[in-house]
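Note that the protein sequences, when read in sequence, are chains G and F.
When the first sequence is numbered by numbering that gives the first Met the number 0, its final residue is 196 and no position is left out of the sequence of numbers.
When the second sequence is numbered by numbering that gives the first Met the number 0, its final residue is 826 and no position is left out of the sequence of numbers.
Note that these hints are calculated values from the structure, not bench results.
Hints are supplied without guarantee of correctness; some may be wrong.
[Unchecked claim] Simulated pairs of lysine to any residue, SDA-like, Cα-Cα distance not exceeding 25 Å:
id	chain 1	residue 1	chain 2	residue 2
1	F	Lys-81	G	Asn-164
2	G	Lys-88	F	Asp-723
3	F	Lys-81	G	Gly-155
4	G	Lys-31	G	Gly-155
5	G	Lys-88	F	Tyr-134
6	F	Lys-137	G	Ala-77
7	F	Lys-257	F	Ala-495
8	F	Lys-584	F	Asp-541
9	F	Lys-348	F	Asp-541
10	F	Lys-81	G	Thr-37
Given the structure is predicted, the values throughout are model-derived calculations rather than measurements.
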Amino acid sequence: MEFDGEFELEDVPPEKAWVVLSDPIAVRNSLKGCQYITPMDDDFSYDDYEADEDAETLPEADPEAVAARAFVEGQEYAALMQVGVGSVKPRFETSVTIEERDEENFIMTATGTGTASGSSFSMESGMQIHPLEDGEGSRIEWWTEADISGRIAQLGSRVINPVANKIVNNFFSDIETQMSDVDETDSGITDRIRGML
Amino acid sequence: MSSDSERFAEAEDGGPQPEKHCGHGRGGMGEEVKRKEDQRFITGRGNYVDDIKKPGMLHCEIVRSPHAHARIENIDKSRALKVDGVVAVLTAEDLLEHDLATMPTLMDDTQDVLVNDKVKFQSQEVAAVIATDRYTAKDGAQKVVVDYDVLDPVIGADKALEDDAPVIRDDIEGKEDNHCLDWETGDEEATAKAFEEADVTVKEDMLYQRLHPAPIETCGAVGDYDPGKDKLTVHMTSQAPHIHRTLFAQVSGIPEHKIRIVSPDVGGGFGNKVPIYPGYVVAAAASYVLEEPVKWVEERSENIQSTGFARDYDMTGEIAATEDGEIQAVRTDVLADHGAFNAVAQPSKFPAGFFNIFTGSYDIDTAYGTLTAAYTNTAPGGVAYRCSFRVTEAVYLIERMVKVLADELDMDPAEVRRKNFIQPEQFPYESATGWNYDSGDYEKALDKALEMADYDHYREEQQRRIEEDADKLLGIGVSSFTEVVGAGPGQSCDIAGVEMFDSAEIRVHPTGNATVRVGVQTQGQGHETTFAQIVAEELGMDVDDITVEHGDTDTDPYGLGTYGSRSTPVAGAAAAVASRKVREKAKAIAANELEAAEEDIDWDRESGQFHVTGAPDRSISITEIAAGAYMNHPKSEEPGLEAINYYDPPEMTYPFGSYIVVVEVDRETGEVEFEKFVAVDDCGNRINPMIIEGQIHGGLAQGIGTAMLEHVTFDDNGNVTGGDFMNYLLPTSMEIPEFETGHTVTPSPHHPIGAKGVGESPTVGSPPAIVNAVVDAMSHGGISHVEMPMTPDTVWEKLDEAGLSMDPADNVSLEFDDQQSGGTADD
Numbered sequence: 000m001e002f003d004g005e006f007e008l009e010d011v012p013p014e015k016a017w018v019v020l021s022d023p024i025a026v027r028n029s030l031k032g033c034q035y036i037t038p039m040d041d042d043f044s045y046d047d048y049e050a051d052e053d054a055e056t057l058p059e060a061d062p063e064a065v066a067a068r069a070f071v072e073g074q075e076y077a078a079l080m081q082v083g084v085g086s087v088k089p090r091f092e093t094s095v096t097i098e099e100r101d102e103e104n105f106i107m108t109a110t111g112t113g114t115a116s117g118s119s120f121s122m123e124s125g126m127q128i129h130p131l132e133d134g135e136g137s138r139i140e141w142w143t144e145a146d147i148s149g150r151i152a153q154l155g156s157r158v159i160n161p162v163a164n165k166i167v168n169n170f171f172s173d174i175e176t177q178m179s180d181v182d183e184t185d186s187g188i189t190d191r192i193r194g195m196l
Numbered sequence: 000m001s002s003d004s005e006r007f008a009e010a011e012d013g014g015p016q017p018e019k020h021c022g023h024g025r026g027g028m029g030e031e032v033k034r035k036e037d038q039r040f041i042t043g044r045g046n047y048v049d050d051i052k053k054p055g056m057l058h059c060e061i062v063r064s065p066h067a068h069a070r071i072e073n074i075d076k077s078r079a080l081k082v083d084g085v086v087a088v089l090t091a092e093d094l095l096e097h098d099l100a101t102m103p104t105l106m107d108d109t110q111d112v113l114v115n116d117k118v119k120f121q122s123q124e125v126a127a128v129i130a131t132d133r134y135t136a137k138d139g140a141q142k143v144v145v146d147y148d149v150l151d152p153v154i155g156a157d158k159a160l161e162d163d164a165p166v167i168r169d170d171i172e173g174k175e176d177n178h179c180l181d182w183e184t185g186d187e188e189a190t191a192k193a194f195e196e197a198d199v200t201v202k203e204d205m206l207y208q209r210l211h212p213a214p215i216e217t218c219g220a221v222g223d224y225d226p227g228k229d230k231l232t233v234h235m236t237s238q239a240p241h242i243h244r245t246l247f248a249q250v251s252g253i254p255e256h257k258i259r260i261v262s263p264d265v266g267g268g269f270g271n272k273v274p275i276y277p278g279y280v281v282a283a284a285a286s287y288v289l290e291e292p293v294k295w296v297e298e299r300s301e302n303i304q305s306t307g308f309a310r311d312y313d314m315t316g317e318i319a320a321t322e323d324g325e326i327q328a329v330r331t332d333v334l335a336d337h338g339a340f341n342a343v344a345q346p347s348k349f350p351a352g353f354f355n356i357f358t359g360s361y362d363i364d365t366a367y368g369t370l371t372a373a374y375t376n377t378a379p380g381g382v383a384y385r386c387s388f389r390v391t392e393a394v395y396l397i398e399r400m401v402k403v404l405a406d407e408l409d410m411d412p413a414e415v416r417r418k419n420f421i422q423p424e425q426f427p428y429e430s431a432t433g434w435n436y437d438s439g440d441y442e443k444a445l446d447k448a449l450e451m452a453d454y455d456h457y458r459e460e461q462q463r464r465i466e467e468d469a470d471k472l473l474g475i476g477v478s479s480f481t482e483v484v485g486a487g488p489g490q491s492c493d494i495a496g497v498e499m500f501d502s503a504e505i506r507v508h509p510t511g512n513a514t515v516r517v518g519v520q521t522q523g524q525g526h527e528t529t530f531a532q533i534v535a536e537e538l539g540m541d542v543d544d545i546t547v548e549h550g551d552t553d554t555d556p557y558g559l560g561t562y563g564s565r566s567t568p569v570a571g572a573a574a575a576v577a578s579r580k581v582r583e584k585a586k587a588i589a590a591n592e593l594e595a596a597e598e599d600i601d602w603d604r605e606s607g608q609f610h611v612t613g614a615p616d617r618s619i620s621i622t623e624i625a626a627g628a629y630m631n632h633p634k635s636e637e638p639g640l641e642a643i644n645y646y647d648p649p650e651m652t653y654p655f656g657s658y659i660v661v662v663e664v665d666r667e668t669g670e671v672e673f674e675k676f677v678a679v680d681d682c683g684n685r686i687n688p689m690i691i692e693g694q695i696h697g698g699l700a701q702g703i704g705t706a707m708l709e710h711v712t713f714d715d716n717g718n719v720t721g722g723d724f725m726n727y728l729l730p731t732s733m734e735i736p737e738f739e740t741g742h743t744v745t746p747s748p749h750h751p752i753g754a755k756g757v758g759e760s761p762t763v764g765s766p767p768a769i770v771n772a773v774v775d776a777m778s779h780g781g782i783s784h785v786e787m788p789m790t791p792d793t794v795w796e797k798l799d800e801a802g803l804s805m806d807p808a809d810n811v812s813l814e815f816d817d818q819q820s821g822g823t824a825d826d
């Protein structure tokens with residue numbers, strides 16, 4: 000299954016959008032059903048890991064902490080996602096690897112696999128932030144190719160697509176709010192974070 | 000006064016007997032006795048597998064593959080074992096230790112109980128979690144981490160046979176393709192010649208789509224190993240407990256006398272509960288290893304996605320005929336999807352089941368059929384869903400093709416049938432493919448159906464609507480099917496090598512009542528009543544004095560189980576023959592009691608009494624004889640009054656019927672409404688007309704589901720997209736019209752009571768009648784076929800293709816009905 004789209008943020012410059020989309024906590028907060036996104040090492044356990052529910056994001060967060068936890072190219076992350084699709088609500092234990100982070104052109108790509116009871120998926124996703132031709136804003140282009148198997152896939156695209164679209168739309172409207180909040184703060188902070196990345 | 004030979008000829012007498020009025024008020028043959036089993040069913044006291052509770056019982060949940068084709072790289076149990084309440088996690092490796100890793104299918108293929116290496120269909124069994132309760136077992140199953148190397152799936156028999164298709168069965172040595180089997184019947188050369196020389200030939204492609212029997216109770220088992228007795232009891236949803244015991248013994252190495260299979264109340268089988276499934280083996284194995292009872296009950300989607308499907312025959316039919324509609328030859332070619340294993344439930348000598356009965360009710364002396372079956376990455380199956388071994392597909396083929404021929408010749412389809420029927424005097428009739436039909440009077444059944452359906456009226460009405468360009472078209476479909484049921488005989492029919500006989504044992508107790516044990520098992524057919532009626536009839540007992548037991552291999556005589564409408568033809572025959580054995584002994588006891596010579600004792604069917612020849616007053620009842628058997632037995636005889644019979648039928652029986660379906664097809668929406676549904680069945684002599692009627696109703700409902708709603712579908716990745724009741728639609732009472740049923744009676748000449756079996760006639764006979772009706776509504780527009788299930792969009796496309804569809808905009812009415820518009824919401 001393929002999903003893609005783009006959206007524009009008239010007032011948020013690409014640099015600031017990049018900082019927000021690089022923050023696993025900010026991404027988690029905008030992704031409905033996502034309990035955490037956290038770096039994964041060999042000892043990681045989905046059973047034992049407890050997410051920090053209250054981690055602050057920009058503008059309140061400590062810029063150094065935001066910079067320290069930003070997505071790193073080549074790093075594998077564990078994510079726990081619970082999604083209600085039709086009559087089932089699987090809890091996907093997902094591992095995502097950041098394949099590419101192009102700081103110059105604001106490109107980030109990732110691959111991932113997830114498994115839940117009776118369902119599994121693998122995906123390749125990417126996004127690129129373009130500066131708007133008029134003004135300071137950004138145009139964010141995104142794409143995902145997913146292979147879904149098992150119980151979720153059995154429901155068919157007429158059930159899956161609306162759910163996927165809803166998650167994506169929620170995500171971008173929420174992240175837009177977060178970006179706007181960041182935009183209202185001193186751009187010195189985001190510049191500092193970018194410098195630290 | 001009547002005797003046996005007058006009422007029901009014994010097998011050796013031969014020749015069909017006329018219908019007789021039955022009923023002596025004791026609940027024997029022909030009486031509408033209320034079903035004995037309904038007392039417990041309608042008061043909620045049935046005892047199904049999931050009702051069984053045992054002290055210390057554990058619960059099993061099966062981890063299934065989300066992929067259709069994948070190699071298992073690793074299974075990590077550790078997280079599941081940490082879940083509080085999880086007792087064990089079993090994988091193929093554990094089963095290998097106990098030699099239980101694989102099981103034979105009914106066609107002697109080998110299927111992993113739990114996948115050892117490669118997953119071959121979505122929802123295949125990968126691991127089993129055993130826990131203290133069901134919820135915990137489910138939680139544990141979520142924590143079993145399986146690493147898969149996902150492979151390209153093969154979906155569709157046509158794709159499976161392409162040269163570059165991935166090989167599914169690389170576990171079979173030297174296997175380099177997905178070819179499963181070829182089969183052929185009839186005379187190729189003669190058939191080709193007949194087609195070359197014929198005035199008219201017709202050809203049609205048709206798919207009998209993949210169905211699932213979808214019994215309301217899913218499959219389940221409670222394995223209960225008793226280490227004290229070293230005995231394994233398995234309570235399971237089995238249509239064939241004895242053969243399952245034999246298979247369990249073969250698979251496990253546990254001696255057969257140390258295994259007891261109990262099939263308690265079963266909520267529908269329809270062929271789905273004939274095969275052995277991994278869940279049964281896992282529950283039994285887990286109980287054996289853990290020494291505690293273990294219950295496994297599958298969910299609905301597990302049932303549809305992993306247990307035996309039915310049909311999936313992609314067929315081409317051809318008929319060669321004269322200009323005036325005399326059929327000269329029939330030819331067919333089939334591509335069959337067998338799923339990932341060859342697990343079709345067919346007698347081993349008939350790899351395509353009884354598909355070679357595709358000449359149907361017609362006297363066609365030239366026929367040829369071929370079939371190729373392929374492996375695909377779908378669940379294994381090919382079970383006989385409420386039918387005998389592929390006869391459903393055969394009947395669909397010939398009954399559809401006769402309609403195609405009638406349309407080609409512009410003849411009435413009823414007339415084409417009449418012209419080609421095998422005539423009553425031709426029986427016993429040997430078909431072009433070697434089948435020996437016992438008896439039939441096809442025209443009589445058709446005439447009755449035509450009359451009941453008011454056929455001529457609807458033909459006129461159909462024409463009127465065409466001429467008036469009406470919004471709703473009328474279609475009239477006919478199906479004059481012949482069924483073949485009651486397998487054996489044992490020398491040609493077997494399950495896993497065991498001959499298909501059946502059995503009944505009668506024990507008459509000292510106080511004059513009796514216990515009857517039969518080798519078949521019931522899934523709702525009413526055996527406890529039907530068999531009691533046979534014995535009541537044959538012994539002159541009251542039906543209330545007879546209890547029928549079944550489904551327990553420790554107590555019941557060996558039998559091959561209930562499927563293919565074989566219970567009455569085979570076990571029913573055994574019950575009648577055993578009754579007659581009891582009657583023979585009863586005569587000796589009667590002679591002793593009445594102080595007469597044994598040869599001077601007659602039995603009177605009407606009164607049920609034994610009496611001295613020529614002196615009806617010197618009589619004695621079976622109750623008194625029973626007392627005599629235990630309290631004053633003649634010295635020439637052993638004490639007691641019992642008999643057992645293992646019945647190997649000399650031939651199968653051939654029930655038949657004519658169904659007429661009238662439908663309205665909405666030219667705007669493609670919706671199909673049933674206007675009339677007439678079913679005339681002939682199942683030989685009738686035991687309980689009420690049970691027969693119930694069987695017909697149920698089967699017709701399933702036929703409607705087949706024709707209109709049901710299809711197990713897959714996407715290209717092998718995901719089952721028709722694998723639950725949200726997507727696999729069963730008909731409800733809303734979709735079922737009123738049925739008008741009728742019957743004719745043409746007894747089977749070789750069956751002890753002239754009965755033939757009826758359970759599957761309606762499922763077999765009705766789909767072609769329904770499709771023929773829908774096609775008939777559009778045949779004036781050149782439509783020759785509509786694929787099942789005939790959903791509104793499928794039908795609308797055909798309407799559109801024929802130029803018969805109506806644009807909804809043409810038909811919008813802005814006039815309001817006064818009464819309706821004046822109503823309120825409370826109305």
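- [ ] Below or equal to 25 Å on CA atoms is what counts here, so check F:Lys-257 against F:Ala-495.
- [x] holds (20 Å)
Open item on the list: Next pair to validate is G:Lys-88 with F:Asp-723; report whether the Cα-Cα distance is within 25 Å.
Closed with: holds (16 Å)
Task: Holds or violated: F:Lys-137 to G:Ala-77, with C-alpha atoms at most 25 Å apart - done: Holds: F:Lys-137 and G:Ala-77 sit about 23 Å apart, inside 25 Å.
Open item on the list: Check whether the Cα positions of G:Lys-31 and G:Gly-155 lie no farther apart than 25 Å.
Closed with: It holds: about 21 Å lies between the C-alpha atoms, which stays within 25 Å.
Task: Given pair status - G:Asn-164, F:Lys-81, alpha carbons within 25 Å - done: At roughly 37 Å apart (the allowed maximum being 25 Å), G:Asn-164 and F:Lys-81 break the hint.
- [ ] Starting from F:Lys-584, check that the Cα of F:Asp-541 is at most 25 Å away, please.
- [x] Given that 25 Å is the threshold and the Cα spacing comes to 19 Å, the pair holds.
Open item on the list: Next pair to validate is G:Lys-88 with F:Tyr-134; report whether the Cα-Cα distance is within 25 Å.
Closed with: holds (16 Å)
Open item on the list: Can you confirm whether the C-alpha distance between F:Lys-81 and G:Gly-155 stays at or below 25 Å?
Closed with: violated (34 Å)
TODO: Verify the proposed pairing of F:Lys-348 with F:Asp-541, using a straight-line Cα cut of 25 Å.
DONE: Not OK: F:Lys-348 and F:Asp-541 at ~42 Å, beyond 25 Å, violated.
Task: Pairwise hint evaluation, G:Thr-37 against F:Lys-81, where the allowed Cα distance is 25 Å at most - done: holds (23 Å)
Checked against the numbered hints listed earlier, the structure breaks hints 1, 3 and 9; every other hint is satisfied.
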